[in-house]
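Novice: Turn these sequences into a full structure, and let the hints steer you where they fit.
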Amino acid sequence: GDSVTQTEGLVTLTEGLPVMLNCTYQTIYSNPFLFWYVQHLNESPRLLLKSFTDNKRTEHQGFHATLHKSSSSFHLQKSSAQLSDSALYYCALITGNTGKLIFGLGTTLQVQP
Amino acid sequence: GGIITQTPKFLIGQEGQKLTLKCQQNFNHDTMYWYRQDSGKGLRLIYYSITENDLQKGDLSEGYDASREKKSSFSLTVTSAQKNEMAVFLCASSGLNYAEQFFGPGTRLTVL
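If you're matching them up, the sequences are chains A and B in order. Numbers 1 to 113, taken from our numbering, label the letters of the first sequence in order. Numbers 1 to 112, taken from our numbering, label the letters of the second sequence in order.
Check the hints yourself; a few may be wrong.
[Claimed, not checked] Some chain B residues judged to face chain A by a derived CB distance under 10 Å, without partners named:
{"id": "1", "residue": "R44"}
{"id": "2", "residue": "L45"}
{"id": "3", "residue": "I50"}
{"id": "4", "residue": "E100"}
[As the list claims (entries may be wrong)] 27 Å max Cα-Cα, derived DSSO-like pairs, lysine-lysine:
{"id": "5", "chain 1": "A", "residue 1": "K69", "chain 2": "A", "residue 2": "K100"}
{"id": "6", "chain 1": "A", "residue 1": "K100", "chain 2": "B", "residue 2": "K22"}
{"id": "7", "chain 1": "B", "residue 1": "K41", "chain 2": "A", "residue 2": "K78"}
{"id": "8", "chain 1": "B", "residue 1": "K9", "chain 2": "B", "residue 2": "K22"}
{"id": "9", "chain 1": "A", "residue 1": "K100", "chain 2": "B", "residue 2": "K71"}
{"id": "10", "chain 1": "A", "residue 1": "K69", "chain 2": "B", "residue 2": "K41"}
{"id": "11", "chain 1": "B", "residue 1": "K41", "chain 2": "A", "residue 2": "K100"}
{"id": "12", "chain 1": "A", "residue 1": "K100", "chain 2": "B", "residue 2": "K70"}
{"id": "13", "chain 1": "A", "residue 1": "K50", "chain 2": "B", "residue 2": "K57"}
{"id": "14", "chain 1": "A", "residue 1": "K100", "chain 2": "B", "residue 2": "K57"}
{"id": "15", "chain 1": "B", "residue 1": "K41", "chain 2": "A", "residue 2": "K50"}
Note that these hints are calculated values from the structure, not bench results. C-beta: ideal position from N, C-alpha, C; glycine also.
Specialist: This is the structure:
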């Protein structure tokens, strides 16, 4: 079945360093729709980025990601981490027409001064 | 804009008890979802509903029932609470396929 893999459970960075959170997916469908959701402490998840276009960079709030169907990847990046970026980040996948989101296990990003 | 409300915010139950969680949205969204969030296990779909009176099972539906009484509300019932169970239950809604899902604030369940 469809699945999303986030290899890092915890990423710890110093403020100002670049961020890269990994996301790969598996699906039999040729047109997947990929999402990044962010959840700050004591808050609910909210959408950060989404894309269904192959090889097109998507940006929002300083973060960016590019869907690469050839490698089934949708990694999240930011050029310079800020303390306020500390949060739980989920990569998610929709395939077919059900609207069901399949989430990865999430990556906690901790940014230190 | 709109809002999703979940009641109660905190729910404490006894082992074997039947517990009901409620969710209301005023986005006028067609699709609503119930997720369970456990630390280190991501967000797992319990039930979803694409329209009033529709119910679709997610990956974690065993041990739960759901009811979409009207377009704006979606209830989840834990049929028999498990001892020492602790989790956050999140309700979400979305308008169209591939659209953004909006999440409610969650209900935190503790079973004694």
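Novice: Each hint should be assessed against the structure and marked as holding or not.
Specialist: Consistency of the hints with the structure:
1. Look at B/R44: its Cβ gets to within about 8 Å of chain A, closer than 10 Å, so that hint holds up.
2. Against a cut-off of 10 Å between C-beta atoms, the interface hint on B/L45 holds, since the closest Cβ of chain A lies about 6 Å away.
3. The restraint placing B/I50 at the interface with chain A holds, with a minimum CB-CB distance near 7 Å, inside the 10 Å limit.
4. A least Cβ separation of about 5 Å between B/E100 and chain A falls short of the 10 Å threshold, and the interface hint therefore holds.
5. A threshold of 27 Å between alpha carbons decides the hint, and for A/K69 with A/K100 the separation of about 20 Å falls inside it, so the pair holds.
6. Our distance criterion of 27 Å between C-alpha atoms is met by A/K100 and B/K22, whose separation comes to about 20 Å.
7. Of the supplied pair hints, the one linking B/K41 and A/K78 holds, its CA atoms being roughly 25 Å apart against a limit of 27 Å.
8. Of the pairs offered as hints, the one joining B/K9 and B/K22 holds, with about 10 Å between alpha carbons and a cut-off of 27 Å not exceeded.
9. Between the alpha carbons of A/K100 and B/K71 the distance comes to roughly 18 Å, so the proposed pair stays at or under 27 Å and holds.
10. About 26 Å separates the Cα atoms of A/K69 and B/K41, which keeps this hinted pair within 27 Å; it holds.
11. Between the alpha carbons of B/K41 and A/K100 the distance comes to roughly 17 Å, so the proposed pair stays at or under 27 Å and holds.
12. For the suggested pair A/K100 and B/K70, the alpha carbons sit about 20 Å apart, so the restraint of at most 27 Å is met.
13. Straight-line distance between C-alpha atoms of A/K50 and B/K57 comes to about 25 Å, which keeps the hinted pair within the 27 Å bound.
14. Distance hint between A/K100 and B/K57 is fulfilled; the C-alpha atoms sit about 11 Å from each other, no more than 27 Å.
15. Taken as a hint, the B/K41 and A/K50 pair is honoured in the structure, with Cα atoms around 22 Å apart against an allowance of 27 Å.
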